[in-house]
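The working numbering puts the first residue of the sequence shown at 0, with every later residue one more than the last.
In short, the hints are calculated from the structure, not lab data. Some hints here could point you the wrong way.
With a Cα cut of at most 30 angstroms, we get these calculated DSSO-like pairs of lysine-lysine [to be verified]:
{"#": "1", "residue 1": "Lys229", "residue 2": "Lys442"}
{"#": "2", "residue 1": "Lys652", "residue 2": "Lys663"}
{"#": "3", "residue 1": "Lys288", "residue 2": "Lys551"}
{"#": "4", "residue 1": "Lys229", "residue 2": "Lys279"}
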Amino acid sequence: MRQTGPPLSLTQPNTPPSSPNLSLSQCFVTSSDAEELVKAVTDMQMTSTSAPKYLKDLFLKVLDKRAEENAEVSDKPKPDSPDSTTSKELVARASLIAFKEVDEIWDDKAYKYTVVESPKPKSINNLDQYVFVVHKNSKENTYFVDVKLFMLRDALREVLCDVPGINILEEKLSIQRNILYNFLPEIELCRDKIDLEDRASYEHISLLIDHIKTSYADLTQRLGALLEAKEITYDLLWAFFKANTLVYTTCPGTEKPRCIKYESAAEETTQSGVEYFHIKGSYLDFDGKILGKVPIETAILKFAGSKPVNSLEAFPLYYHEEEEAVKKMLVECDRRFCSLRGTQHRQYDETAFQMMKGKPRKITIKGRIMVDSVKFLQDNPNYARPSIFKSSKSVGIWHDLDDEPSTRLDESAVKKGVNINELSKEDFLLCSPTVLSYSLENKLYLEFAVADISEICWDESIFGQLKIPANSKELIQALATQHSSRENAHAFDNFVKEKGLGLIILLYGPPGVGKTMTAEALAELLHMPLFTVSAANLSHNSSADLDTQLSKIFDVASHWNTLLLLDEADSYLRRRSDNSQHNALVSVFLRKLEYFTGIMMLTTNQVTEFDGAVQSRIHIGLAYSSLGFDTRKSIWESFLNKPNAKGRVVGFKGTELQDLAERKLNGRQIKNAVRAAHALADFEKVDLAMNHLHKVLDVGAIFENDFKGTGATDNEHAYH
0 MRQTGPPLSL TQPNTPPSSP NLSLSQCFVT SSDAEELVKA VTDMQMTSTS APKYLKDLFL
60 KVLDKRAEEN AEVSDKPKPD SPDSTTSKEL VARASLIAFK EVDEIWDDKA YKYTVVESPK
120 PKSINNLDQY VFVVHKNSKE NTYFVDVKLF MLRDALREVL CDVPGINILE EKLSIQRNIL
180 YNFLPEIELC RDKIDLEDRA SYEHISLLID HIKTSYADLT QRLGALLEAK EITYDLLWAF
240 FKANTLVYTT CPGTEKPRCI KYESAAEETT QSGVEYFHIK GSYLDFDGKI LGKVPIETAI
300 LKFAGSKPVN SLEAFPLYYH EEEEAVKKML VECDRRFCSL RGTQHRQYDE TAFQMMKGKP
360 RKITIKGRIM VDSVKFLQDN PNYARPSIFK SSKSVGIWHD LDDEPSTRLD ESAVKKGVNI
420 NELSKEDFLL CSPTVLSYSL ENKLYLEFAV ADISEICWDE SIFGQLKIPA NSKELIQALA
480 TQHSSRENAH AFDNFVKEKG LGLIILLYGP PGVGKTMTAE ALAELLHMPL FTVSAANLSH
540 NSSADLDTQL SKIFDVASHW NTLLLLDEAD SYLRRRSDNS QHNALVSVFL RKLEYFTGIM
600 MLTTNQVTEF DGAVQSRIHI GLAYSSLGFD TRKSIWESFL NKPNAKGRVV GFKGTELQDL
660 AERKLNGRQI KNAVRAAHAL ADFEKVDLAM NHLHKVLDVG AIFENDFKGT GATDNEHAYH
């Protein structure tokens with residue numbers, strides 16, 4: 000439209016916002032619609048255009064707009080109220096030394112939260128003028144403090160800089176009020192450091208402190224009384240735990256003490272309806288390459304009434320009755336953990352475990368282990384480290400905590416890692432109580448308690464006790480020592496690269512005459528791990544499967560630099576025939592032997608049936624014959640002179656040993672007889688005596704006679 004007439008005055012009368020019954024002209028100038036109406040009327044006067052319907056609609060629209068504005072004006076505070084402002088006034092951020100409480104209500108239609116004044120559900124504006132605003136999230140039933148004053152925000156950033164889950168870099172800082180209550184002492188300390196001349200800053204922080212103290216006055220009184228009695232209730236667990244504090248608990252698999260760093264928690268319920276306090280924390284672990292922070296979880300089942308603090312599944316370390324002793328023990332254990340980095344051969348005599356379907360499966364291990372996190376994770380890439388939960392009522396909790404198991408270092412740890420030389424005393428309290436290792440005897444990857452891992456006490460004298468010819472013993476020792484030293488091991492290498500670099504020793508003879516013991520004794524002499532594989536566990540049907548199995552076995556033996564014992568290898572050494580399947584197995588086995596670079600000992604009972612190609616791949620063959628009287632007597636004496644469970648050695652007379660040696664048993668049978676006799680004596684709670692040995696041998700003789708009566712064996716000592 001084109002305006003030709005003089006413009007109407009847009010000056011607003013000096014009328015208070017709350018004044019009723021404004022004139023129509025005054026009403027017009029309060030909205031953009033009024034200006035449009037004035038323009039329309041002016042144009043109509045100039046052009047003599049009649050538009051009654053358009054004018055009517057526009058008048059009605061203006062009147063409705065004015066009615067809405069009057070409704071809002073009537074609800075506004077008086078001019079002298081802190082909230083009174085005009086539309087043209089600029090409110091200075093945190094200009095009022097006051098705080099405002101509002102509610103945050105979820106709007107299902109808009110699908111977002113709206114801020115309303117508490118308790119009246121009306122829209123709230125100009126909140127930036129307050130030092131902070133306390134709002135309640137109705138959906139989560141949680142109070143938050145929105146910090147408006149920059150000085151207060153910066154002070155809280157300093158106090159809460161290391162608290163997980165808070166983004167302190169946000170310009171508009173919003174913090175759970177419960178967290179501020181947890182850190183109230185630190186906030187008070189921050190206030191006390193303020194220069195006395197900075198009165199405004201002191202008053203601003205004091206305002207927050209006073210609000211927190213007032214809001215939690217009753218809770219503080221309850222909590223203080225409970226903690227004085229060293230007890231706690233379930234509903235106050237959130238106030239009992241504080242971010243970044245050390246929490247004492249135990250390893251679920253080994254039940255060894257440990258510490259984690261508390262980060263956050265929430266009350267949750269499992270699908271089966273079990274309520275629990277879900278704790279999230281962290282600890283330090285080594286993945287074979289980096290030592291860094293790893294997330295971990297634990298839980299406290301909901302309980303009624305109060306409960307002693309130290310009876311909880313987890314509780315702050317400073318509430319432990321023997322805090323200093325526990326700290327000393329954990330530091331010692333964690334220093335040992337740090338020393339177990341890399342691949343190491345160690346002794347273990349306690350309970351180990353592995354996670355199976357979210358729960359620890361415990362196994363008693365007594366023997367040598369290989370500590371190797373890298374190899375463990377390579378062969379078990381989906382292995383989930385356990386969440387901590389030790390209650391017998393943990394049905395459903397394990398799986399809830401392990402739905403998304405965190406078993407790897409977090410991103411920050413991967414990027415930065417932790418320098419072991421820079422670990423603090425607190426860091427040493429947070430190291431993992433277990434290491435990922437392999438049991439050489441049980442053939443299992445497990446988690447082993449660091450506290451129960453010890454150095455190996457090598458017994459080199461066993462090799463000297465072997466009942467084999469002196470020349471054979473000397474030759475085996477010389478070849479194995481030279482090969483393991485790697486100094487002159489490849490002086491006569493094959494012309495084909497990486498071929499024929501291993502040392503293959505064949506031990507053949509009847510069962511129980513010392514073949515396996517020879518391998519064990521040589522490993523002790525060379526201080527090498529003994530990796531035993533039974534041929535019965537290898538494929539006898541598919542040459543492709545056998546190839547894969549041998550590749551893995553040889554890779555492990557090479558990686559750990561072990562002495563590899565392949566027991567009962569008869570089926571892979573037997574001469575080839577018209578059986579194509581058997582021929583393929585033998586061919587694969589012989590080819591693999593050529594490319595093995597370590598020390599391997601093969602045992603067999605039937606050397607006369609060997610394939611002709613086997614001999615060229617064997618560096619030395621050692622024959623074993625049935626045990627003679629003197630050898631049997633020596634073996635009896637060796638086993639009977641070992642300490643019993645009480646650490647005592649029961650002596651036997653020479654005539655008694657001669658009586659035992661008269662029985663034509665092999666070494667394995669003698670060992671088993673002594674073990675059974677010890678068990679019988681322990682059951683009767685007496686020392687081992689000849690009558691126990693006679694009882695065991697008599698029972699064995701009955702079985703042997705029945706077995707011989709079948710005519711099923713050509714070897715009278717066929718005993719496995």
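Sort out which numbered hints this structure fails and list those numbers smallest first. 1
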